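Protein chains: 2
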Amino acid sequence: MNKLRLGIIGYGQQGGFYGDLLAKGQVSNMEVGAVTEIDSAKDARIKEVHPEVTIYRDYKEMVKSGDVDAIITTVPHYLHPEMAMFALENGIHVLNEKPAGVYTKQVKELNDFASKHDDLTYAIMFNQRNNPLYKRIKEIVDNGEIGDIRRTNWIITTWWRPQAYYDMSDWRATWGGEGGGVLVNQAPHQLDLIQWIAGVPEAVYGKVKYGYQRDIVVEDEVTAVLDYGNGATGTFVTCTHDLIGTDRLEILGDKGKIVVEDSQKVKVYRMTKSENDLNKEMDFEGVKSLFMGQMDINEIYQVEEFSAESQWGGQHAGVLENFAAHILDGEPLLAPGSEGINGVRLANAIHLSDWTNQEVSLVDFDDNQYLEELNKRIAEEGKYETR
Amino acid sequence: MNKLRLGIIGYGQQGGFYGDLLAKGQVSNMEVGAVTEIDSAKDARIKEVHPEVTIYRDYKEMVKSGDVDAIITTVPHYLHPEMAMFALENGIHVLNEKPAGVYTKQVKELNDFASKHDDLTYAIMFNQRNNPLYKRIKEIVDNGEIGDIRRTNWIITTWWRPQAYYDMSDWRATWGGEGGGVLVNQAPHQLDLIQWIAGVPEAVYGKVKYGYQRDIVVEDEVTAVLDYGNGATGTFVTCTHDLIGTDRLEILGDKGKIVVEDSQKVKVYRMTKSENDLNKEMDFEGVKSLFMGQMDINEIYQVEEFSAESQWGGQHAGVLENFAAHILDGEPLLAPGSEGINGVRLANAIHLSDWTNQEVSLVDFDDNQYLEELNKRIAEEGKYETR
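In order, the protein sequences belong to chains A and B. Position 50, counted from 1, in the first sequence is what our numbering calls 50; the numbers after and before it change by one each time, with no gaps. Position 124, counted from 1, in the second sequence is what our numbering calls 124; the numbers after and before it change by one each time, with no gaps.
Hints are computed from structural coordinates only; laboratory data are not their basis. Only a predicted model underlies this, so the values are computations on that prediction, with no experimental measurement involved. Treat the hints loosely; a few may be bogus.
Note: identical chains are not told apart, hence a pair may lie in one copy or across any two.
As the list claims (entries may be wrong) - In silico EDC-like cross-links for lysine to aspartate or glutamate, where the CA-CA straight-line distance does not exceed 16 Å:
| # | residue 1 | residue 2 |
| --- | --- | --- |
| 1 | Lys105 | Glu331 |
| 2 | Lys280 | Asp215 |
| 3 | Lys60 | Asp329 |
| 4 | Lys116 | Glu373 |
| 5 | Lys280 | Asp167 |
| 6 | Lys116 | Glu331 |
| 7 | Lys60 | Glu339 |
| 8 | Lys3 | Glu321 |
| 9 | Lys255 | Asp142 |
| 10 | Lys105 | Asp142 |
| 11 | Lys288 | Asp167 |
| 12 | Lys265 | Glu309 |
Let the sequences and hints guide you as you build the complete structure.
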């Protein structure tokens, strides 16, 4: 086959966005094979963009139709695992929309299932991994250019969402329909990036505000302290009520520092020696010149500045292209689906830490306890069945 | 009297710095009345700078001598409260060096004692309150120009200290001699400023590293989550091992935001309406233009930028001048000594939170529990008597 035929499940805002990208030929090795959309009111629009494509009401029918080689799951987050597993079971590749699922128990089940079908490709739409800026930062860190990481601090509050956004769909910002707020919908990109770049934390403390500035039951503000288990620590702050949003990531290593502002401007500080060595070499006289402001900081490090603007659509098109190229030509996969668990576990653990008012381990995270606590909230809310 | 006669207790680095300021006439309404210094090796230097001044070995003798109207306590932190109380008891005004003490129990005792001697002035050397930049920021917040505060984030890691610094004195960075590390010695300035500007938190969670990058038993890195009790939250990060130090304070209000970099550059974002109102007014069409990147952010807020460099010595001279002017002419006091408890309580609570692995209340903070835990560490260390 020349082009991978993608089945889009759910032709809403995100599904339609992928449909447009493919219809415009922005992904060289992929085309739309079919669409599943339960709402027939959208048929006219779908037919206009994809005149020769069949519209299914039931995604299972589409998966079995022979029309598609792979699916993408642009549907409410809870459904991602079950749809992915059904596709894999039927020999169809899967590109999951992020997050991989809502709670670790279902995502683990999916990962186990996918590992038993490893002839098929299971990937996840972490489009930010395809942002040239973060790719470059990951390279710098992986190359050891700033040494071993000691701290990360990310303030990512550029996710402003007004009440009208929350009121657009019944399921949005509910425990039973969406499974959370900013942690589940907006921040998964950064929850993935921070772990992709700096490593998977071993424990987390979370302070979470539910309906703080919006009329919703789920979280609209999060403050988390990450423990990487090797001495390194981090903070992670996000919310949906900061109209003058901040996006500032700082990574401190023992040989340098990276500061990223607005996901566009980067400063990389590279030290001539490791902080450990400079610390050991400095004597009493050195301390005196430090205190008298006579230490020449320019001798200690150099700064590289660069900036990169990334087109939002370009990131997604790149993930689609890589997914197809992996299947068609064996190109290495940018975002293996199995890595989706990390962000889900971190988000779950931040909730659980806040609910239990203590730091929570990610190493022996209690999937069942989280699901029990989530179900309590779904039951209290009274709009959806518990899980 | 025209000039207040100050007795300097301890002619080390800080005491000598004040001595120099006064000898050079940089404080118009104050002069050195006497000096207490136990180390006679420093006599020659003291006499050179202050030829007509008596050097005492015992501060109590100096307090009772009639040579001084006030004292300043540039001695190890533990001693501040007892020296301050002895002076007040003998009719002498007190300017305490920061921090007010090491643990809240002794600082409360001092505050109670001082309130019974309110004919005398008890102040504290919070020189950063005299930094024009932070004075202006406090005005902006107090005027309501950024509305009610929702978040504060301060990364203040410009306190780099090498091992040679810690090895300079036996008492430094010990539990029994100094009572802590970066929280007690370097960060008290910011622990005061954040509360002076944004209000006193009601609870705190702390993650603290002891001897993480230095061969010391006390803390060289701190990550704290502040809960202001009114919905607002904050983070506070400090350490002594970041050679490329960061100093970045962000204060988010419901009508704007303040971002301070390097305690020099300030951006003040003022919104045309409160975020609450903008949130309520935005309809579905507005959300669509937001998502299509068509919202004009310039219509929503204006940015003012300013910068202010503050001379370190100038700040201290200003506090000395204000202290003397308060006593001589009734000028309002910039830093009342009683406010020193806030920073000490916050530092103690961060320790206690880390030791007990849970969030700690500042409202009903358990002074005795903290002292017990501190004493355990002093005993384990085995160098000093417990308290």
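Practice prompt. Check each numbered hint from earlier against the structure, then list the numbers of those it violates in ascending order.
Written response: 1, 3, 4, 6, 7 and 10
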